[in-house]
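*Asks:* Sequence:
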Amino acid sequence: LASLVFQLRAQNQVLKKGVVDEQANSASLKEQLKMKDQSLRKLQQEMDSLTFRNQQLAKRVELLQDELALSEARGKKSKKSVESSSQLSQEQKSVFNEDLQKKIEENERLHILFFEADEQHKRLEAELRSRLEVLETDAAQHQAVVDSLTKKYTETIEKLQNDKAKLEIKSQTLEREAKDCRLRTEECQQQLKNLQAALGSRLEESLCIINEKVPFNDTRSAQYNALNVPLHNRRNQLKLRDLAGQALAFVQELVTALLNFHTYTEQKVQIFPIDSATDTISPLNQKFSQYLHENASYVRPLEEGMLHLFESITEDTVTVLETTVKLKAFSEHLASYLSFLRKILPYQLKSLEEECESSLCTAALRARNMELHRDMKRLTAVFEKLHTYVSLLALPSTRPEGLLRTNYNFVFTNIAANLHGFHDILKDISKHYSQKAALEQEVPTATQKLVTTNDCILSSVAALTNGAGKMASFFSNNLDHFSSSLSYGPKGGAEFISPLSAECMLQYKKKAAAYVKSLKKPCADSVPYEEALANRRVLLSSTESREGLAQQVQQSLEKIAKLEQEKEHWMLEAQLAKIKLEKENQKLKNSLSGHLTETTQEHSVLPNIAEQKKETTEKSLREPIKSTSLVRNLTLRVPIRVTNCSAPDVESREDLIKTHYMARIAELTSHLQLADSKSVHFHAECRALAKRLSLAEKSKESLTEELKLASQNITRLQASKLFCNDELMTTKRSYEDQLSMMSDHLCSMNETLTKQREEIDTLKMTSK
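In this note's numbering, the protein residues as written are 11 to 778.
Take these hints with a grain of salt, some might be off.
Here are the simulated lysine-lysine pairs, DSS-like style, with alpha carbons at most 25 Å apart [stated by the list, open to error]:
id, residue 1, residue 2
1, K174, K162
2, K338, K395
3, K336, K520
Here are the simulated distance ranges between beta carbons [claimed, not checked]:
id, residue 1, residue 2, range
4, D438, D289, 30 to 38 Å
5, E576, F692, 46 to 54 Å
6, Q17, D190, 35 to 43 Å
Bear in mind the hints are in silico, worked out from the structure with no lab data behind them.
This one's a predicted model, so the numbers in the text were calculated from it and none came from an experiment.
From the three backbone atoms N, C-alpha and C, an ideal C-beta is built for every residue, glycine too.
Using the sequences plus the hints, can you model the full thing?
*Replies:* Next comes the structure, spelled out in structure tokens:
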């Protein structure tokens, strides 16, 4: 920054000198311009005076010419006067001529001078104007340069000032950071001391725990580590299942094409070169046809084996070569199909040779047959290679030592290459067979059945070629995924030890998945822990046990049923009493209406009505009163005195008796309920005590078993104490390494602090 400021200052001084020089040049040019303007004005004034003088002389010449004309006119009139004055006029004329000649010469000279001065003035004016324009443009450029430089310098000055302020702020912040770093280093040192002390205590504690609790480390042993469940990659499993589904579809397509190819080949053998319908074919072709007829029993298992392999790959399993047991079955099915190809290969080759020896076979057809002869050998060789590599992939599920994990990628790469070779061979077979079919159609004895069979064989070969191409491209595109996904294992281990360990790992994985699934179930609403403990004590020790409560509920239900029956009974009784009351009221109304109709015999009938009323009241009072209360068929005989007692007294007495008996019944029922509840309470208390006794006996047995297990654990931990000493030493070394790393980190922090201090000092120097 200091060098930049120095350079800017030097450039500023140079530019200032240039500006001063340009200003001086512009001032001198302005002075010269003023002088030229003054001379121009003088010349303009002289020109104006000359033009004025020229005009005066022109006027004088005109006057002289007029006088001359007058004098000539006068001379004609008076020749005498002319002759007498001729001498005088001649002298005057000569004088005037001389004067005129002088004036003309002077005017001519003045015109020449004026023209030269005008030309010189115009030339000088043009030069001065051009020079003035150049100077004005130069001055404008210089002024623009000066303005730009001043603006630039002001901007640079402002920028430098801002940079200076920023650097000052940065220096202050760095100083504060340095102070903070010092404080942090002190804190880190203190923390390091505390951490060392804490790590030492934790080391001792962990050593004690390891000595007491840890019997062994299963990751150190490959046999035990193989039983650990690896991390579950659900996406990887879904991808593998998808790939297995695609492979199953391709295998099904290949199986269908192979079945069609072998079947149509059998038909072709039956009709060419000798048709079995018209003549007997050779024993070789008969045997070949018999073997081809058995193709389904060898080809169909390939599809079934691939289907079983696809079904074994699920989302919940761990799919590696050690766990894909179904791959062994697929390899066996492929081996059986390979044995079928080996069995039919000699007959197929001999059949082609026999066809070449036939009289119908031309030279071109013989060449196509020999090409197919070579293609069939290559096809069987490709299937042998595929079976070899598939059987190698099936080895980890039966004998892991047969194929190392380092060779997985090599095997998959060779399978992909063989699939591409299989596709190329099928393309050659399709090409050669299409040429062979075209040549066979030209044979004179060719039938429509032969043409149809050839077309079917060509379609099956085309389908087989397409399926092989799809399979080869599919395997090549997913080669990296096969190599990476089928070779992972437990954490910290390189591989599974044996298929048995892989099977045990899958069982552990299922148990772990079931446990996690049970954990994921939503918990029901529960009471707090303290309240649950209190309730448990109540259930175990008090009378409110489950069995007692269930018995109480059962008894309460029985009582409720009895009360419901009694309620229905008394409801029926009330309805009957109500019906009787209505009948009595109806009888009373009828009797009253009969007496009211006899209006004619009012005086005689009224005493009779009163007597009848008295009699009816006496009868009604003398009749027994039936009560419908809780006392069953309570019948009261009330002594009635008609003369002293009235109807309201009878009703009040009945109400008193009814309330008395109702209160008595309620008291008795309450006593009965209290006695029932006490009996149930005592019965439940007895059951709870019996249950507590049984629970105490069970807890005693469990505690004795735990005591035995604890004694066994103590002996086992004492036996494993020696085993853990090595691990303790390794943990101690790891802690020492951590401490050394922390000390190195502190040293690096101190170095960074010194570097920051140096940067702060340099920034201060530059800002100064």
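*Asks:* It remains to establish, for every hint, whether it holds in the given structure.
*Replies:* Verification of the supplied hints:
1. K174 to K162: Since the Cα atoms of K174 and K162 sit roughly 18 Å apart, the hinted pair holds (cutoff 25 Å).
2. K338 to K395: 16 Å, holds
3. K336 to K520: 19 Å, holds
4. D438 to D289: 30 to 38 Å: Roughly 32 Å apart at Cβ, these two residues keep to the hinted range, so it holds.
5. E576 to F692: 46 to 54 Å: 28 Å, violated
6. Q17 to D190: 35 to 43 Å: 38 Å, holds
Checked against the numbered hints given earlier, this structure breaks only hint 5.
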